[in-house]
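Protein chains in written order, with this note's numbering: chain P, 1 to 342; chain L, 1001 to 1342; chain F, 2001 to 2614; chain H, 3001 to 3614.
These are calculated hints, taken from the structure and not from any lab test.
It is possible that some hints are incorrect.
[Stated by the list, open to error] As a list, the in silico DSBU-like pairs of lysine-lysine whose alpha-carbon atoms are at most 30 Å apart:
#1 F:K2551 with F:K2415
#2 L:K1331 with H:K3233
#3 F:K2551 with H:K3561
#4 P:K16 with P:K224
#5 L:K1324 with P:K138
#6 L:K1016 with L:K1050
#7 L:K1324 with P:K331
#8 L:K1321 with H:K3277
#9 F:K2233 with P:K331
#10 L:K1152 with P:K323
#11 P:K244 with P:K224
#12 L:K1012 with L:K1050
#13 F:K2193 with L:K1224
#14 F:K2580 with H:K3486
#15 P:K319 with L:K1138
#16 L:K1319 with H:K3277
#17 H:K3228 with L:K1324
Just so it is clear, the structure is predicted and the values come from calculations on it, not from any experiment.
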Amino acid sequence: MSDTLTQVQPVKLTIKDFQSDQDVRWCPGCGDYSILAQMQRVFPEFGRPKEKIVAISGIGCSSRLPYYVDVYGIHGIHGRAPAIASGVKIANPELDVWVATGDGDGLSIGGNHMIHMLRRNLNIKVILFNNQIYGLTKGQFSPTSELGQVTKSTPYGVIDYPFVPVSLAMGASATFVARAMDRDPKHLQEMVRRAEKHHGSAFVEIYQNCSVFNDGAFFQYTEKETRDDNVVYLEHGKPLVFAKQTKGIRLNGFTPEAVSIADGKYSVNDLLVHNENDSTLAFILANMIHDPNLPRPMGVFVSLDRPSYEDQLDQQIAKMKSKKGVGDLQKLLDGEETWEIQ
Amino acid sequence: MSDTLTQVQPVKLTIKDFQSDQDVRWCPGCGDYSILAQMQRVFPEFGRPKEKIVAISGIGCSSRLPYYVDVYGIHGIHGRAPAIASGVKIANPELDVWVATGDGDGLSIGGNHMIHMLRRNLNIKVILFNNQIYGLTKGQFSPTSELGQVTKSTPYGVIDYPFVPVSLAMGASATFVARAMDRDPKHLQEMVRRAEKHHGSAFVEIYQNCSVFNDGAFFQYTEKETRDDNVVYLEHGKPLVFAKQTKGIRLNGFTPEAVSIADGKYSVNDLLVHNENDSTLAFILANMIHDPNLPRPMGVFVSLDRPSYEDQLDQQIAKMKSKKGVGDLQKLLDGEETWEIQ
Amino acid sequence: MERPIKTLDDVTIRFAGDSGDGMQLTGTQFTNTAAVLGNDLSTLPDYPAEIRAPAGTTYGVSGFQVRFGSRDILTPGDSCDVLVAMNPAALVTNVKILREGGTIIVNEDSFTDKNFKLANITSNPLDDDSLNRFQVYRIPISKMTASAIADMNLSPKFVEKSKNFFALGLMYWMYNRPLDVSVKFIEEKFGEKDAKVAEANLRVLKAGYNYGDTVEIFTTRYEVKPAKLPPGKYRNIMGNVATALGLVAAAKKAGLELFLGSYPITPASDILHELSKLKNFDVKTFQAEDEIAAICSAIGASYAGALGVTTTSGPGMALKTEAIGLAIILELPLVIVNVQRGGPSTGLPTKTEQADLLQAVVGRNGEAPLCVLAASSPADCFDAAYEAARLAIKYMTPVICLTDGYLGNGAEPWKVPNVNDLAEIPVTFAKDPETFQPYARDEKTLARPWAIPGTPGLTHRIGGLEKQHITGNICYEPDNHDFMIKLRAEKIERIVDDIPLQTIEGAPEGDLLVVSWGGTYGTIKVAVSEAREKGLSVSHAHVRYLNPFPKNLGEILYKFKAVLIPEINNGQLIKLIRAKYLVPAIGFNVIKGLPLRSEEVEEKIYEILGANHV
Amino acid sequence: MERPIKTLDDVTIRFAGDSGDGMQLTGTQFTNTAAVLGNDLSTLPDYPAEIRAPAGTTYGVSGFQVRFGSRDILTPGDSCDVLVAMNPAALVTNVKILREGGTIIVNEDSFTDKNFKLANITSNPLDDDSLNRFQVYRIPISKMTASAIADMNLSPKFVEKSKNFFALGLMYWMYNRPLDVSVKFIEEKFGEKDAKVAEANLRVLKAGYNYGDTVEIFTTRYEVKPAKLPPGKYRNIMGNVATALGLVAAAKKAGLELFLGSYPITPASDILHELSKLKNFDVKTFQAEDEIAAICSAIGASYAGALGVTTTSGPGMALKTEAIGLAIILELPLVIVNVQRGGPSTGLPTKTEQADLLQAVVGRNGEAPLCVLAASSPADCFDAAYEAARLAIKYMTPVICLTDGYLGNGAEPWKVPNVNDLAEIPVTFAKDPETFQPYARDEKTLARPWAIPGTPGLTHRIGGLEKQHITGNICYEPDNHDFMIKLRAEKIERIVDDIPLQTIEGAPEGDLLVVSWGGTYGTIKVAVSEAREKGLSVSHAHVRYLNPFPKNLGEILYKFKAVLIPEINNGQLIKLIRAKYLVPAIGFNVIKGLPLRSEEVEEKIYEILGANHV
Ligand SMILES: Cc1ncc(C[n+]2csc(CCOP(=O)(O)OP(=O)(O)O)c2C)c(N)n1
Ligand SMILES: Cc1ncc(C[n+]2csc(CCOP(=O)(O)OP(=O)(O)O)c2C)c(N)n1
Ligand code: SF4
Ligand code: SF4
Ligand SMILES: [Mg+2]
Ligand SMILES: [Mg+2]
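Turn these sequences into a full structure, and let the hints guide you.
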C-alpha cells in the first residue's frame, strides 16, 4: 500500500503551500501561532503531496489548527480526534494523519481515545497543545492544571492531582513520546520531524502559552533568561547536561538528581546518558516533573519499534485474500447451503 | 468527617452478613465466584457496619457483583462505575466505596473514568476482574486480550496491542496498585485488605478465569503445578524469589532478569528487593509481562501517600466556612446590590 | 416401526432448557434442516442476559422457537405446538405458551427434587394435574444419551452437554426429517478437532432418532411439505447476518471499501462478528474502545472514502448521539444500524423492542435531521441495510437503519438475489479543483460533493461549526444559519422522491387501517388477514421509511375511518403520524420484550370495529 | 454646560467592538447602573466563539445590547437606538440593527485603512452616504483616552484596553446616569491589586463623562425614569446566576447538600463557576473529565443522599443521553440543566436556540419518560431551577430544566424572594427496615422511597436492568416489563396534578392563540400585546411545563380558531402539541442564533389573521 508506485519523485513544497486561505483567529500572543508556524515550516520537508496529509482535531482553541493548514482536515467534536483519525488511517493507510488537540480535548474528555490509539500504535501523529487550562471555554482548569491553580471553576484552587501527559502515554504503551515548547521553535520543529519519521503513534506534548487565561505558566522553561537553568534537552546517547553545561542529571538508584559538573565533584561521565529505547528511563524522566529542583526534560523521551495497527490489518487482509481468494460477493450471499424452488 | 463520633465500637459481622438474598448467576467454574467469596470473607474484618459500604459497578459479568454482596450498591452503566462512585464518595466521604469492574468495563469504555479517578486519588477501591475477554457479550476481545487471540470479533487473531493494567494505572499516577488471582484466595484476600487500608484510590487487578470464553487464560499462573515457576510474589522489603526459593529476580540496569539462586552464581543478596513506595520500580515490575521468560509479579506494586480528593475538598469547605462563615441563603439571593421599590 | 404419517400445514416447536443445554444450537439445527427441505419458517430465540446462569434455575432458561410450514410463515407463532423441555424450570417457564392439547416432551431424568427447588416448584408437575390439557411424553433423555455412548469413556459432563442432540434426533424422527444437515454440521464442527467427540454426538443424534422409531410411545409421525415460495434460489438467514451481507453488497456495488467501527453489544454483536470474517472482501472491522469511538472512526473512514458503518443497540445508540450530529453537519455518508432491544437503560438486553424510533428521528441536540428506515423481517434486513447505504451515499447523509432483537436473531428463508440485479449505487468523488466547493449542492438531491483526501487540489476542512453555504467555511452569520438549517432539512425531505410510494395490503379505503413498522410486519399482516377473512373492512400499511415518510402516506391514512398503530413501545410512530397528518390514530402497545402476538392485535381490531370476538 | 434633558420611555444601546475591547464589561456596567436606578431592563450579550479573534476582523466583533426603560421591558429590543462602535468591523456588522434615525457613536481613531481591510470594506463608511439615515458622532476615543492618562506613564496597550471606560462614561453622561456604581466597581476590581490601574480607569471613565459635558456636539441629554415595578427588593441578575441560586435555594430548603457534577461548556459554564464559589454553603462542585462522568457522579451523589445536579449545553446533553436513561430507571432525583445553544453539532456555540426540546422529551433509547420544564426569562431561571429540583425530589425522577444562551447570559431586574416564602421541599428518607422495599410506591405520586447508604437495615441494590415491581430485583418477566414501563410513564403523568394550570394572557377564546415556551416569552408577549392593541383577537399561552403538559392545555387550544407556535427551531413544540391535541397549529421558525424579533412575530400574526400590516 505504499504510494511509491504513484509518487516516485518527492514533492517540493514550501511553507506557503501549507497556509490555508482561512484567517487565523487566535488571541494576540497565543502560543498556538508558533506551533502552527513550525508545523507549516516542517511539513514541506516531508516531500509528501499535501493532499496526502490529513489534520484532525477535537474542540478547543488548539483544535482550530486544521483550518489553518492547507491539507485535508476535520474539526471534529470534543475529545474524539484520535477516534476519527483512526478511521481515516485504517480506511486509507497511505494518508499521513495528524491530530491536533489540547490538554482538555486530548486528556480530559478524550483521554480514553488517546490511550487506546497509543496502545494500538496506529501510525498517527498527535500534537498536544498543553496550556494547562481550558482556553476556548474561557478559563476552567484542565487535567494538567497545577494543584492550587485558581481558575474560573476553582476559585479556591485546583485539588485534582494533574496528569503527567508523558507518563500517561508511557503507561498506555506508547511507542513515541516527546515534549517541546511553543517558544523554542527550532526544537519544536525537530520534534515534529521526529514524530513524522516514527512509524507508529507519536505523542508530542507541547508547552503552550495561553496569553489570556494562563499567561506565563511555562515562562520559567520557555523564556531566554530562565530556560537554561530549568530545561534539560534529551538527546539519544548523550549525557543530560543543562545550565550551559554546568549542571547535569545523574541517577541515584532510580532517582534523578541535579548535580554540578562545574565544581569538580561530578563530571560528565557520571551523568545519566539518554536512551530513547528504554521505557523505564522515559518513565523516570517523565516523573522529574514532581521534583521542583529538577529541570524539565524536553525532547524525545522514548522511541520504540512495534508494528503499527494498520500494517497488521493490511497483512491480515492480504493473508486472508491469499488463503481464501478475493471475496466473491455472489458466493457470499449464497452462503453455505441454498436450495432451489422451481 | 470521620465517623468515630457515631460509631465507637467496631462492628462484628460475619461472611453471612455480606451475602445478599440474590441468587448468584455466573457460569459454573467462573472465577468470579472466588473473587466474590474472598471479598465477603474479608469485609467483616473491617469492623465497619455494612450499611456504610457501597459497591458500584458497570456492565459485564463481573459487574454483577454488587447484587451478591449485602451492602448498598448500584449496577450502573457500561464503563461508568468510577464516575458514579466518585459522586457517592464526594457526597458522603464517610462511606466505603468499592468498584467492581471488568477488563472491558474498566479499561475499554471506562478507561478514561478509571485513569481520572486514579489521578484524583479519591478514596475508592477498584477490583478489576481481568479475564482478557468480554464475557457478558459472549466472547469478543478486550483491551487486555493477547495479540493473536482468536475471539468472536477477531476470527484471525487480535492485532490490538494490549494494555498492561498495572502500567496504565502507574501512568495515571495511581497511589495504590496491586495484582492478584482468583485461584489464590489467601493472597487475594490479602490484597483486598491492603486496598481497604490504603487511603486513596486503590487499583487491584485480578486474573480471573472465564470458563466459557477464555478458559485457562491464566492457568500457568494460577494452577498448582505451574504457579511456583511462573509467579513471583511481591513483598515490601523482601527480595523477589520464586520457584520454591530456587530462583529470583535481579536487575540488570533497569532490566529484570530471572536468575537461579540454587546454583551458586547468585544469592538472595543479589536480588531485587521490593519497595512499595517506588513508582519506578513498580513500572519495571509491571513491564515484566513483556518478557515471557519472567514470572508474573503478584502483590502490591506500589503504595504511595497522597492526600485524597475528598479530604482536600472537605478542607476547602471547612476553610471557606471559617473564612466566610456558614452561608446565609437570604444574603446569597440578595447579592451585592439590591434596591427597593415601594 | 412404521407409524402413520399425518401432514400438517405448519408446526411450531419450542426447545427449552438451561443456558448450557445448547438449545440455541438445537433450534438452529432444526431450522436449517427445515430450510433445506423448503419449508417457509420463522424463528424466535429467547435467551437470558446471563451467559450461563446456574443450572436448573428459571432465570437460566434459554428457549428457541421455530415455526415451519408448507404455507407462508410470517411469525414464529403466538403459541407453540410442541414444547421440548430439558428440565423442570424450562417446563414451568414455557408451558404457558403451549397451545391447548399441545405436546410436551420432557427429559424425565431432570425431574428431581433438587431441580424442583431450583425451579421454585414444590411438587413434580408431571405427577399432578397441571398438565392435563397437554400430551406429555416423559423421556429419559439423559440416560439414553449416556447409554448411547457408554462405551466411549467420556466424562459425565460430556454426556450432559450432548443430550440436546438426542432431543434433536427425536424431533427429526417425529417430523420425518433427514439427519444429513446436522450430520454434516457435527462432522465439520467437531470432526476436525476431535473425531471422538464428533462420533459421540452423531451417535446421540441417531439414538434420538432411533428412539422415536423404536419405542412404542409415539403413535404418529408428522410431515410438513415444502412451502410454495416464489421460484428462486433460497437460503436460510438470520437477520444480523442479512444486515452484514446487505452492507457488504452495497459497498461492493458502490465500489467502496466497507469500514465497520463498532463496539460489542447484545443483540447487535453478530453483525460485527460476521463482518470481521470478511477480510478477503476488503472489509475492515475496527472494534473500538466504546461506541463513541466506533462511530467517530466510521465518520473518519467515510471522510477518507470508505463506506463508514457503525452498528449497535439501545445504550450504544444513546452514546452515539453527539457524533451523529457531527455526521449530519459534515454531510458524510454513514450507515448506523440499531438492533433495538428492551429499554430503558440496560433494560432487557436480550429481548426485543421498538422503542428507539423517536430517538432515531428527533433525539439529538439542535436541528439534526437524517433519514430513518426499518427492516421488517430477518431476511429483509438485507434490503434495509442495502437501501440505507444507497441513500447515505447518494444524499451524503447518515442514515439510521432500525432492526431489533427479534429480527436480528430470528431466521427465515431468503431468496438470494443475483448480484447483478441489485440496485446500482453510483459514486462520484469530486475531482475538479476549478469547480470544487465543499458545500456546493447537487441540484436535485442537494447532496454536497464527496472529496476524499489524496485528491490533488481539493484540500479542504470540514467541521461541526455552522458552515457557510457553498464554501463550507465557518460562518456565524444569522441568516446563513437559518438558511443552512432549512437546507439540511430540505435535503432529507427530498429523499421522498427517491423512495417507493407507500403500499397497502387490502382495500385502499375502508373502516380501519392498521399501520405498522419494523419487526411487527409479519404479526400484523397475519392479524389483518385474519380479520379481513372474517369480513372486516381492514387494511394494512407497513411503513419502511420513517423519515421522511412516503409522499402518499397522508392520502392513504385519510381514506380510512380509523387508524390503528400497534407497536412494541409506548406509542412512538403514532406520535409522528398524529403530529404530521393530524389523524386520530389509536395505539396498541404491548411491551413485553417479545414480538406482538397476532391474536392480541386481531382482538384489538375487533374491539375497534365493534366486531364480535372470533 | 447644561443641555436640555429629554425624557424617554425606553432606550436600547448596543456596545460593539473587538473581543478584546471589553464590550461585555462595558455593557454589564451600564446595565448594573440602570438596574440600581430602578429601570426595568433586558440584555443581550452577543459574542463570537473565538476568545479573542484578531483585532479588527468582523468575526472578532463582540456586542452587548442593553435595553432599559421606565416601563415593562420584556426583550432586549428588536433594534437599537444607539450603536457604540469601537471600530469599523463593529460598525459594519451591527449597523443593520440600528433603527432609522438612530445614533452612532464611533471611535474615529480606529477608522484606518488597515481596519477597513480587516473589516472587508473598501472605503470609509463615515465618509460616504451609507450612514445618511443615522446621526453619526465621530469621537477620537483612543486619543482622548490617551490624553486623559498621558502623565501616568502607562503602556499603549493599557490605553487601548481602557478606552471602553471612555465610551461608558460618555453614555452615562448622555443618559444622565451617576458614575458611582462603576466607580465602586473599578475601585474594587483593580484597586486592591494595583492602585495606579484603578486610578487610570477612573480618570478615563470621568474623561468620557466630561467629554459629553464639555464638547459641544451633543445637543440633548436623555433621561429614563425608574420603572414602576411591583414593590419589593430588587437586584439585577443574569440567567445563569439565577439558575445557580435556584439550585442552592432548593437544596437548602430541602435540607440537602447540593452536588454539581459538570463539565465546562458554553454557554452553561457560568452556572458551574457560580456554584464553585459556594463552598461555605456546602455546595460541592465536581468538574468531571467529561459530561458522562459529570452526570454519573451526580447520580452517585443523589444515591448517597445529596441533590444531584448536572449542567450543560447541546453537545454535552447529547453525551448524557445514556446516563439519563439510567437515572430514569434508578428513579433517583436529578436536575439536568440544558442551556441550549445553536446546533446541530458544535453549531453556533455562543448563540441561542431552542432546538433541544424534542431531545429532552423523547430523545433516549427505550421508553424513558421524564419531566421537562423551561425558564422564560433570565430571572425566571431561578424559579425554573427551583421547581425542577422540587419535582425531582418529590417524584424521584430526573427533571430537565431548559434554559438557553439568551436567558443564561441575559440579565434583568429580579424581585428577590424572601427565603421563607419559597415553596417547601419536604424530604423523607426511608428508615424502616421492616417495611422497606426499594421499588414500593407512594400511592399518590408513585415515587419510590429514597433510602440512602448509611441507613441501618436498608442495604439494597439498584441498577439499569428492568426491575421487579416493589422489590426492585432484576426481572425479565414479560408482564412485569410492560407493567413497569407503563408505571414509569404514569408516574411522570401524575406530575400534572402538582403543577399549575396553564394560564393565558388575553381572552380565553378567539381567533388566534400564540403558544410559546422558553426564552421567547418576552418577545411573543410584546408581539401579541401589540396585535391585541390593534384590535385583533389574539391571546398568548406561554407553556412552562413541557412534559407533562398542564391538564387544561387542550381545552385552551380548542377555544381558538387558529394556533401559532413561534420557536427558535425548525418546529419542535408544535410536533408535541399537534401529536397530542391534533390541532392544526402553524409554526413560525426563525433560527438565527438570536432571540426572535417581536416585529416578525407580529407580522406573522397579521398574516394569519389576514390583517393589514401595522
Ligand atoms: C461535548 C463537549 N463538551 C464541552 C465542550 C466545550 N469545550 C470546548 S473546548 C473545551 C476545552 C478546551 O480545552 P483544551 O482542549 O485544553 O483546548 P484549549 O482551548 O486550551 O486549546 C471545552 C470544555 C464541547 N465543545 N463539547
Ligand atoms: C454502552 C454499552 N455498550 C456495550 C454494552 C455491552 N456490554 C456489556 S458488558 C460488555 C463487556 C464486558 O466485558 P468485561 O467488562 O470484561 O466484563 P466480563 O463480562 O468479562 O466480566 C459489553 C461490551 C453495554 N451494556 N452498554
Ligand atoms: S484563549 Fe488562550 S489558548 Fe485560546 S487562543 Fe486565546 S491565548 Fe490562545
Ligand atoms: S461468561 Fe465467563 S466471565 Fe461471564 S460468568 Fe461465564 S465464565 Fe464467568
Ligand atoms: Mg488547553
Ligand atoms: Mg472481561
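Do the hints match the structure? See the list:
Among the hinted pairs, F:K2551 with F:K2415 is consistent with the structure: their alpha-carbon atoms are about 29 Å apart, no more than 30 Å. Straight-line distance between C-alpha atoms of L:K1331 and H:K3233 comes to about 12 Å, which keeps the hinted pair within the 30 Å bound. The suggested pairing of F:K2551 with H:K3561 holds, with an alpha-carbon distance near 28 Å, which does not exceed 30 Å. Our distance criterion of 30 Å between C-alpha atoms is met by P:K16 and P:K224, whose separation comes to about 29 Å.
Restraint check for L:K1324 and P:K138: the C-alpha separation of about 27 Å stays at or below 30 Å, so the hint holds. About 11 Å separates the Cα atoms of L:K1016 and L:K1050, which keeps this hinted pair within 30 Å; it holds. For the given pair, L:K1324 sits about 77 Å from P:K331 by alpha-carbon distance, which is inconsistent with the 30 Å threshold. Taking the CA atoms of L:K1321 and H:K3277, the gap is near 11 Å; set against the 30 Å cutoff, the hint holds.
Between F:K2233 and P:K331 the CA atoms are separated by roughly 12 Å; this keeps the pair inside 30 Å, and the hint holds. With a C-alpha separation of about 20 Å, the suggested pair L:K1152 and P:K323 falls inside the 30 Å cut-off, and the hint holds. With a CA separation close to 12 Å, the supplied pair P:K244 and P:K224 stays within the 30 Å bound. A distance of roughly 10 Å separates the Cα atoms of L:K1012 and L:K1050; the hinted pair therefore holds under the 30 Å criterion.
Of the pairs offered as hints, the one joining F:K2193 and L:K1224 holds, with about 28 Å between alpha carbons and a cut-off of 30 Å not exceeded. The hinted pair formed by F:K2580 and H:K3486 meets the criterion: a straight-line CA distance of about 25 Å does not exceed 30 Å. At most 30 Å may separate the alpha-carbon atoms for a hinted pair to count; P:K319 and L:K1138 meet this at roughly 27 Å. Our distance criterion of 30 Å between C-alpha atoms is met by L:K1319 and H:K3277, whose separation comes to about 12 Å.
Between H:K3228 and L:K1324 the CA atoms are separated by roughly 36 Å; this puts the pair beyond 30 Å, and the hint is violated.
Figure legend: structure checked against the earlier numbered hints; hints not met, in rising order: 7, 17.
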